[in-house]
Structures are given as C-alpha cells and as structure tokens.
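Listed in order, the protein sequences are those of chains A and B.
Everything in the first sequence is counted per this note's numbering, starting at 20 for the first residue and increasing by one.
Everything in the second sequence is counted per this note's numbering, starting at 7 for the first residue and increasing by one.
If you are wondering where the hints come from, they were derived from the structure by calculation, not from laboratory data.
Backbone N, C-alpha and C fix where the C-beta goes; we use that ideal spot for every residue, glycine too.
A couple of the hints might just be wrong.
Computed footprint of chain A on chain B; a stretch qualifies when at least three of its residues, placed anywhere within it, have a C-beta under 8 Å from a C-beta of chain A [to be verified]:
no., region
1, 304 to 312
2, 374 to 388
To list a few chain A residues with every Cβ distance to chain B over 12 Å, as calculated [unchecked claim]:
no., residue
3, 53
4, 71
5, 72
6, 90
7, 112
8, 117
9, 118
10, 121
11, 138
12, 145
13, 153
14, 160
15, 161
16, 178
17, 181
Each chain, written out:
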Amino acid sequence: MRFGSQWFCGFCVILMAMTHAVPLHSQDIRLSARLTASASTQVQKQVDSARAEGLPTEPLIQKALEGQAKGAPDDRIVIAVMTLRKDLRVVRTALGPEAPESDLVPGVASLRAGASRDNLVELRNLRRGAGIAVPLGVLADLVANGMGYAEAWNSVRELATKGGSDGQFSALRDRAIGAPDPAALPPAPSRPRGQPGTPSPSLP
Amino acid sequence: MRTAFAFVVLTLGAAAYADAQTSLLLDAGVGSTSFASGPGSSMLSMRPAFAWRAGNLRLDLSGGYTSLGPIEWATDASASLSIFTRRWGPLQGELTGGGSGYTAGRLAGAAIGDAGVRLHFRSERQGLWLGAQRVATNAPVADFAFPRFDGGAWGRIGPLTFELRALDGILRVSPDSFPGSIPDTLNIHPSRSTLLSLMDVSMSARWAGRRAELAIAGGGRMGAPTRQRWWQADATYWMSPRLGLVGAIGNYAPSLGSPRGAGSYAMLSLRAAFGPRVARHGSVTTTLVPPGTGLSLQRESPALVGISLRAAGARVVEITGDFSDWRPLSLEAAGGGLWQAAVPMTPGPHQINVRYDGGRWVVPPGASSATDDFGGAVGTILAP
Numbered sequence: 020m021r022f023g024s025q026w027f028c029g030f031c032v033i034l035m036a037m038t039h040a041v042p043l044h045s046q047d048i049r050l051s052a053r054l055t056a057s058a059s060t061q062v063q064k065q066v067d068s069a070r071a072e073g074l075p076t077e078p079l080i081q082k083a084l085e086g087q088a089k090g091a092p093d094d095r096i097v098i099a100v101m102t103l104r105k106d107l108r109v110v111r112t113a114l115g116p117e118a119p120e121s122d123l124v125p126g127v128a129s130l131r132a133g134a135s136r137d138n139l140v141e142l143r144n145l146r147r148g149a150g151i152a153v154p155l156g157v158l159a160d161l162v163a164n165g166m167g168y169a170e171a172w173n174s175v176r177e178l179a180t181k182g183g184s185d186g187q188f189s190a191l192r193d194r195a196i197g198a199p200d201p202a203a204l205p206p207a208p209s210r211p212r213g214q215p216g217t218p219s220p221s222l223p
Numbered sequence: 007m008r009t010a011f012a013f014v015v016l017t018l019g020a021a022a023y024a025d026a027q028t029s030l031l032l033d034a035g036v037g038s039t040s041f042a043s044g045p046g047s048s049m050l051s052m053r054p055a056f057a058w059r060a061g062n063l064r065l066d067l068s069g070g071y072t073s074l075g076p077i078e079w080a081t082d083a084s085a086s087l088s089i090f091t092r093r094w095g096p097l098q099g100e101l102t103g104g105g106s107g108y109t110a111g112r113l114a115g116a117a118i119g120d121a122g123v124r125l126h127f128r129s130e131r132q133g134l135w136l137g138a139q140r141v142a143t144n145a146p147v148a149d150f151a152f153p154r155f156d157g158g159a160w161g162r163i164g165p166l167t168f169e170l171r172a173l174d175g176i177l178r179v180s181p182d183s184f185p186g187s188i189p190d191t192l193n194i195h196p197s198r199s200t201l202l203s204l205m206d207v208s209m210s211a212r213w214a215g216r217r218a219e220l221a222i223a224g225g226g227r228m229g230a231p232t233r234q235r236w237w238q239a240d241a242t243y244w245m246s247p248r249l250g251l252v253g254a255i256g257n258y259a260p261s262l263g264s265p266r267g268a269g270s271y272a273m274l275s276l277r278a279a280f281g282p283r284v285a286r287h288g289s290v291t292t293t294l295v296p297p298g299t300g301l302s303l304q305r306e307s308p309a310l311v312g313i314s315l316r317a318a319g320a321r322v323v324e325i326t327g328d329f330s331d332w333r334p335l336s337l338e339a340a341g342g343g344l345w346q347a348a349v350p351m352t353p354g355p356h357q358i359n360v361r362y363d364g365g366r367w368v369v370p371p372g373a374s375s376a377t378d379d380f381g382g383a384v385g386t387i388l389a390p
C-alpha cells in the first residue's frame, strides 16, 4: 500500500512537470465550430503565435469570427487575421509591453487611420495613468468620418495635453462628427402629413 | 435649362450606385372637413409618401388625393431634393431644391418651386439651420418670384423631438396682378405695388413610444392683416410593424392660393409602411432610416446595454459584433418602426454591424464607419 502510494505521488509530480513544461493550448472551440477545418487550423496557428509573442489573442479570434459571419472566403479570413496580428505587434512595440490589451485594438484602428508610431507614443506619454483606448478610438472615428488626419490628430493631442477625460474625448467626437447620417438633419420645409389636399401653411 | 437637366441626371446617376435606402408610406382615410367660405363635407383621402436616401443625397416625394363630397376633389404633390456637403466640425452645408403643387378641383391650382442653400450647425441631439432660397410660384391670384429665408432649431430628448422654424418671404405684388378683387388677407395698396414681408412661424413636437406616436404642430403667419393661425395633432398606433392607425385633427390657415380660405378637418386613416426594396445595384437590401434616428445606446445594468434604432418597414432587424462573437442578435419591434434589444456589452469601444431583412451587413446609423477587411464596412460604437 505504501509502495503504491509512492508511485502515485511520483506519477503526479512527473505529470505536473510535463504539463508545466509543455503548455497545452487546445484549439478555440469557437474557431473549430464556425470556420472550415483548414481556416480554423491556420487561424489557430496565428493565435498561438500571438500568444507566444505576448499579444492579445481575442481580437484575432473576433476578426476570424467577423469574417465568417460576413461570408468571407477562408483565405481572406486568414489574411485579415495575419494582418491584424502584424499590426498588433507594431502597436505593442510602440506602446511597450506594459500597455494594456484594451489599448492595442484601438491602436491598430488609429494606425490604419494614419497614425504613426510616434503619435501613439506621444499620446501614451500625455495620458500617463489613464488608458488611451478612448482617445485612440476617437482619433480613428474622426478620420473615418472625413476629417483630415492632421486635423484629427491635433484635436486629440490638444485635449490630451489639457488632461481631458474619456468623457471629454467622447464629447469631442460628438461635437466634431455628431450623427454621420445626413438623414438625421431636420427635414426640409414640407407640408405636414395628415392634412388633406389644401395648401399647407407655407409661403406664399 | 440644359445645365439643370444635366445636374439632375448626373446626381441621380451617381446616386444609383450608392447604398440607397427607400421607404414608402401610404395613408388611406376618411374624415370630414369644413371651410369658412363654404359648406363642410365628408372626404376620402389617399396620401403616399416616398423617401429615398443615398449617401449625402435625400429625396422626398409625397402627394395626395382627397375627395370632398360627390363632386369636389383636390390633389397635391411635392418633391424635394437635398444634397449635403461633407461636415466641417459641427457645420454642414445643404443644396436644396424642390417643388409642390395642388389643384382644388375645378376651382383653382397652383405650383411653387424653390432652390437654395442651407447651413446647418448641429450635434447629434440638437441643431440650428439658416437658409436662403429663390422661390417662384404661379398662384391663381398672381405670379410671384421672390427670395425666401428660413431658419430654425431642433432637438431630441429621448423619444421626444421638437422643432421651431421660420420662413420669411419678401414679395412684391401689384394690384394689377389680381384679376378680381384683392384678397382681404393681403394689405396691398389699391393703386401701386407693395412690398410684402410674410413670415410663417411654426413649432412642432413629436413623441415616439413603443407602439404609438404623437405629434402636435402649430404656427401662424406674421405680416398678414388677418388672423392666420393653424394647428394640427395626430396620433399613430402601430398595430404591426407595417400597419398603423392614424387619427388627425387640425385646421388650415388661409393662404394666397387657397380658394376656400380657412378650414378645419378630422381624419382617421390606415397607414401602411412598405419596403424595403432592393437597391438598384442589386446587392444591398436596406431600409430607410427615418430622420433623426441614429443608433441609441443606454446602459441598463452593469452587464446590459439597451440598443435601439429605427427602421421603418423592416420585417427583421439584426445586429452583430464583437459583443456577440459575431453571431446575429435579433432586435424586437417596439412599434412605430422602432427596434430594440438589451445586449451584454462591456463599457468601451465595440464593433457592430446591422442588417435589415437578411440583407448585407452595414454600419448602423450613428456609428463610426471603417473598412472591415472583408470588402465591407464595420461600425464602432462606444458603449456607456
């Protein structure tokens, strides 16, 4: 009995050492359930590589799921995931390994909107102690809604210099672009509905 | 004339390749009316309204046929086209043009056309605008061409939308313009031309609930010697997303072109909302997003965000995004074209798309748009 117990303890120690030395990352069940086997395998490789690099993996999985939801072909999904991983690496390098994951995806959006690595670094330095996810998101929003990058960057940098809060950045976005749908404008003068066919009270 | 024709053709041609959104409303109702200058009557009314949005273009067409008793009838139609510029901060320009006309049975008819510009200063929930137009009309009493200025303010507080607007027209009229006697609604010198400045001021408020909508509006004309005030109120109850019951009461102010003078009316109508239709480029099925109806987000609990948007005429509205692992979530019809759902969502930026009636995934109104790596666009929202 004592002999068997020693063997059991030894087996557990060896098993723990092996699992610690060789981490097992099973395939994300969302990928295997919704992508083709080929795409799932290739995306999973990107996810594993990103994890090894210390990059967040959830954005990569979300990108793949987005592609699947929109009916994109496998190769396009894989390319989109690879591109995102590359951009995440650029942003991580610019912001440093201590940058929270929540800053990285907005950082990618800013990068694609025209931000340089220097811009990201400057914004991080201006917002020490506060995340830069919202300012970066606002920067990307402004550019996406037609504002020139230089103007958008100057607006965001100016507010960051003044110590603006996340709420103030959101207000900046609202002031600058408001509702992008021009249909949100008030209707042009027209006759009121529900009124039968006689002239409405408009000039003359 | 050729320039104007080419402009219209080019505008519509370019718009045909944009993501067009269309909507058709049809009101059919019965009611009664009375006029100060004649007997009252029962009436039957049919009123279609068509709206089309494509990029920064907006086209609205509406009309109506009203049968007034056994022999009298009236028709009216209006069209307006707006072209919006890009935005410069809170500023946005608008080129506008349109026309309207009516016939009042065998008695009279008139048409009016205008073209001009407006400048909007706005945010998401409120705004101001100022505009100037050149107006031409062939009212039955005279031919007028005159400048018109308009301005106003609007705002939204939750489901309540209100608006204040003023139209000021400066008309030069001559006694010779009137084939008969000069209308007593005008203060015109009997022997020489007179410069008239008529200003129409109006205000309106509209509330949209889950299945009901209420609207009140009223106004008056300044500069006319006789009292010219009007008001109207209507209530709509949506029995289904496509069919509503509309009750409306109100009165009309007399106008230069009206042969009947002031009057009042009460109507009960069925309102059918048709659409969406497939846009001309064939790959997109989209539904009109009515004015002032961007995506609305409200934190309902630490875990849930309430999402609502309007899509008149849609049968199914779904959203998807990183908050749902990009699985479609169906919104529930709340009546009056309003769709809503409570969605698990953490505070901060999220990506989102919406689709109407199983069409293509598009960016919901009110969200920032960016390319999505898959040949389309994805919206970004900031969850509270």
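inquiry  = At 12 Å, judged by beta carbons, does residue 178 of chain A keep clear of chain B as stated?
reply    = With a cut-off of 12 Å, residue 178 of chain A remains clear of chain B, as the shortest Cβ separation is near 14 Å.
request  = Find the nearest Cβ of chain B to the Cβ of residue 112 of chain A and say whether that gap is larger than 12 Å.
outcome  = It holds; residue 112 of chain A is separated from chain B by about 21 Å at its closest Cβ, greater than 12 Å.
task = Against chain B, does residue 118 of chain A hold up as non-interface, every C-beta pair farther apart than 12 Å?
result = holds, 15 Å
Check on residue 138 of chain A being off the interface with chain B, judged by Cβ distance over 12 Å = holds, 17 Å
ask   = Does the no-contact call for residue 121 of chain A survive, Cβ to all of chain B over 12 Å?
value = violated, 7 Å
query = Hey, does residue 117 of chain A actually stay past 12 Å from chain B on C-beta?
reply = Given that every Cβ of chain B is farther than 12 Å from that of residue 117 of chain A, nearest at about 19 Å, it holds.
message = Verify this label for me: residue 181 of chain A is non-interface relative to chain B, using a Cβ-Cβ cutoff of 12 Å.
response = holds, 18 Å
inquiry  = When I compare C-beta atoms, does the region 304 to 312 of chain B have three or more residues closer than 8 Å to chain A?
reply    = violated (count 0)
ask   = Since residue 160 of chain A was said not to touch the interface, does its Cβ keep a gap of more than 12 Å from each Cβ of chain B?
value = The claim is violated: residue 160 of chain A sits with its nearest Cβ about 4 Å from chain B, within 12 Å.
request  = Report holds if the minimum CB distance from residue 71 of chain A to chain B is greater than 12 Å, and violated otherwise.
outcome  = holds, 23 Å
ask   = Since residue 153 of chain A was said not to touch the interface, does its Cβ keep a gap of more than 12 Å from each Cβ of chain B?
value = Answer for residue 153 of chain A: violated, closest chain B Cβ roughly 7 Å.
ask   = Under a C-beta cut-off of less than 8 Å, do 3 or more residues of the region 374 to 388 of chain B approach chain A closely enough to confirm the stated coverage?
value = holds (count 11)
The structure shown violates the earlier hints numbered 1, 3, 6, 10, 13, 14 and 15.
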